[in-house]
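2 protein chains.
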Amino acid sequence: MLSLQLAHQLSGRHILLVGAGEVAMTRIPKLLPTGCKLTVIAPEIHKDMWKHFDVPEDDDTVEYTDKHWSPEKNKVFQLFRREFRNTDIVLHGNGLADSADAQSFLNGELDPIESYDHSKASGWHMILTCIPDPVISERIYRGAKLVLGQHVLCNVADNPPLCDFYFGSNVTLGKGGKPIQIMLSSNGNSPRFTALLKNEIERQFGDLPIGESVAKLGQLRARVRKISEENCPATLSKPELIKYRMEWIRNCTDSFGVSHCHEMNVDKTVTLFEEMFADLSLEQPDNETYMREYLE
Amino acid sequence: MLSLQLAHQLSGRHILLVGAGEVAMTRIPKLLPTGCKLTVIAPEIHKDMWKHFDVPEDDDTVEYTDKHWSPEKNKVFQLFRREFRNTDIVLHGNGLADSADAQSFLNGELDPIESYDHSKASGWHMILTCIPDPVISERIYRGAKLVLGQHVLCNVADNPPLCDFYFGSNVTLGKGGKPIQIMLSSNGNSPRFTALLKNEIERQFGDLPIGESVAKLGQLRARVRKISEENCPATLSKPELIKYRMEWIRNCTDSFGVSHCHEMNVDKTVTLFEEMFADLSLEQPDNETYMREYLE
Numbered sequence: 001m002l003s004l005q006l007a008h009q010l011s012g013r014h015i016l017l018v019g020a021g022e023v024a025m026t027r028i029p030k031l032l033p034t035g036c037k038l039t040v041i042a043p044e045i046h047k048d049m050w051k052h053f054d055v056p057e058d059d060d061t062v063e064y065t066d067k068h069w070s071p072e073k074n075k076v077f078q079l080f081r082r083e084f085r086n087t088d089i090v091l092h093g094n095g096l097a098d099s100a101d102a103q104s105f106l107n108g109e110l111d112p113i114e115s116y117d118h119s120k121a122s123g124w125h126m127i128l129t130c131i132p133d134p135v136i137s138e139r140i141y142r143g144a145k146l147v148l149g150q151h152v153l154c155n156v157a158d159n160p161p162l163c164d165f166y167f168g169s170n171v172t173l174g175k176g177g178k179p180i181q182i183m184l185s186s187n188g189n190s191p192r193f194t195a196l197l198k199n200e201i202e203r204q205f206g207d208l209p210i211g212e213s214v215a216k217l218g219q220l221r222a223r224v225r226k227i228s229e230e231n232c233p234a235t236l237s238k239p240e241l242i243k244y245r246m247e248w249i250r251n252c253t254d255s256f257g258v259s260h261c262h263e264m265n266v267d268k269t270v271t272l273f274e275e276m277f278a279d280l281s282l283e284q285p286d287n288e289t290y291m292r293e294y295l296e
Numbered sequence: 001m002l003s004l005q006l007a008h009q010l011s012g013r014h015i016l017l018v019g020a021g022e023v024a025m026t027r028i029p030k031l032l033p034t035g036c037k038l039t040v041i042a043p044e045i046h047k048d049m050w051k052h053f054d055v056p057e058d059d060d061t062v063e064y065t066d067k068h069w070s071p072e073k074n075k076v077f078q079l080f081r082r083e084f085r086n087t088d089i090v091l092h093g094n095g096l097a098d099s100a101d102a103q104s105f106l107n108g109e110l111d112p113i114e115s116y117d118h119s120k121a122s123g124w125h126m127i128l129t130c131i132p133d134p135v136i137s138e139r140i141y142r143g144a145k146l147v148l149g150q151h152v153l154c155n156v157a158d159n160p161p162l163c164d165f166y167f168g169s170n171v172t173l174g175k176g177g178k179p180i181q182i183m184l185s186s187n188g189n190s191p192r193f194t195a196l197l198k199n200e201i202e203r204q205f206g207d208l209p210i211g212e213s214v215a216k217l218g219q220l221r222a223r224v225r226k227i228s229e230e231n232c233p234a235t236l237s238k239p240e241l242i243k244y245r246m247e248w249i250r251n252c253t254d255s256f257g258v259s260h261c262h263e264m265n266v267d268k269t270v271t272l273f274e275e276m277f278a279d280l281s282l283e284q285p286d287n288e289t290y291m292r293e294y295l296e
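These protein sequences, in sequence, are chains A and B.
Using the UniProt record's numbering, read the first sequence as starting at 1 and increasing by one per residue.
Using the UniProt record's numbering, read the second sequence as starting at 1 and increasing by one per residue.
Please keep in mind that the hints were generated in silico from the structure rather than gathered at the bench.
Some clues are possibly wrong.
Just so you know, same-sequence chains aren't split out, so a pair can sit in one copy or run between any two.
The list that follows gives simulated cross-link-like pairs (lysine-lysine, DSS-like), each with its CA atoms no further than 25 Å apart [unchecked claim]:
hint : residue 1 : residue 2
1    : Lys175    : Lys198
2    : Lys238    : Lys226
3    : Lys198    : Lys178
4    : Lys47     : Lys120
5    : Lys178    : Lys75
6    : Lys175    : Lys51
Construct the complete structure from the given sequences, taking the supplied hints into account.
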């Protein structure tokens, strides 16, 4: 059975991490750059974790909330230095509206676009446990499903049956600007081979000038779109126009390949498009011609 | 802001797909191999989608459920040939327990491991819409959050603010057996460059004998574990033993690299481990030696 790999947008979402030891440490660098509102609950804090809190290590506050938290800050939002309590499942609410409002929607009496303020609702978006006690872990998992619904996402470290998802192995290429994030997962079957493949991808593609490539592809796309729409023959429908344009760009960028997009001469390439669009041709130059004549 | 990439385990989970046109078609090959219990609701069905239903195309049943569905079958579980209705949000329940049970758990009176039958609870695990009507799409999104809680995962095609996650671009290497799944995402910034990179990864690594590599790495790991535990010196703690073993295997497999693990001579490599473990040495042979002496 395969997994469904998804890229979650978590800015401002509440996430609960129970535990603050070595395993929890591996979760934090994946979570904080998403801008999520992370709460950590644990009686003992790994010494290397303090850099992720905007509170000094020698501060002995038991319950700490970062009043100046923002998604860009890359810091933990809340720290509770104590054991987990059942009521932590609803620490920020249960994410549900009034059951009367829900019923009105189901009856067709309430339009949730117009007459319900979703910004009031909150609750955990995801719950992760990284503690060495399997019974407490399972209680958190089962309790969360009981109170928040079967669909709340949970991950109990080291207990695959209690993991709605796995983290996989990650590489980020083109750091800064507009990176490409890559996840590799063997669904637990071969973590070592997955790590080797991850290293190889990082080695081969880690130095690609992704920012420049993305910028050039963006320019090409915008100019090709403008030209094609301004000069669209009356015989061509809108879907046909879009189809032609997409196919042309795909053929062209496939020739430049992942290693040469950043060197593209956008002006010359746009001129080529103009000529070919006049005949609605898709007979592109071969790769060598692209490399010889359409790079800077 | 980065995304959190996760590999979801969906076997037997209810997933709702509203719409059955070209965009919906692109979702189905990602969903069915996970073994999820997929329900499709749409008045019109794309002609190429019929192969995913275990019902003949000329069947004019409005509501169809596959009585013989199983996760391995790779087919849609349910088809409703009609417009979406608000009550479809709770078609399989809301995933929640009795609110009295939930309250008892929060009070510490109910142990959800011992005294609550989670198998009774159901509901959508995820809701995807792929319909051209943005108002109905938003109503589904807002209604789902209202009734099922803010944490229910929704994706409204072509409407990024109403997407809790993106699908990204996927490659599966080593199909059959134990594959490695890869997702690439630029978080919407550069789909064309992401596609180029995906093609390049597929071109370069698509023919790797991953099954063989995984099998050999599995053998190596099992034998190294056995030898190290049977011959563990009294001075070495369990965590120290695990650390040594992991570091030794990492160094060794890094030398074989992604391209040569399948050719590893496991017997000779295990003998090397035995010799090095006697001295707790981590001074591994260099890559060339590994390539010359430890391949089959």
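Verification of the hints:
For a Cα distance limit of 25 Å, the shortest separation of Lys175 from Lys198 qualifies both inside one copy, at 16 Å, and across copies, at 18 Å. For the identical chains of this complex, Lys238 and Lys226 are intra-copy neighbours only, at 13 Å inside a copy versus 66 Å across copies, given an alpha-carbon limit of 25 Å. Taking the closest pair of Cα atoms, Lys198 and Lys178 come within 25 Å of each other both inside a single copy (20 Å) and across two copies (17 Å). For the homomeric pair Lys47 and Lys120, neither the shortest alpha-carbon distance inside one copy (36 Å) nor that between copies (43 Å) is at most 25 Å.
For the homomeric pair Lys178 and Lys75, the shortest alpha-carbon distance inside one copy (21 Å) is at most 25 Å, but the shortest distance between copies (37 Å) is not. In this assembly of identical chains, the alpha carbons of Lys175 and Lys51 lie at most 25 Å apart only when taken from the same copy (21 Å versus 42 Å across copies).
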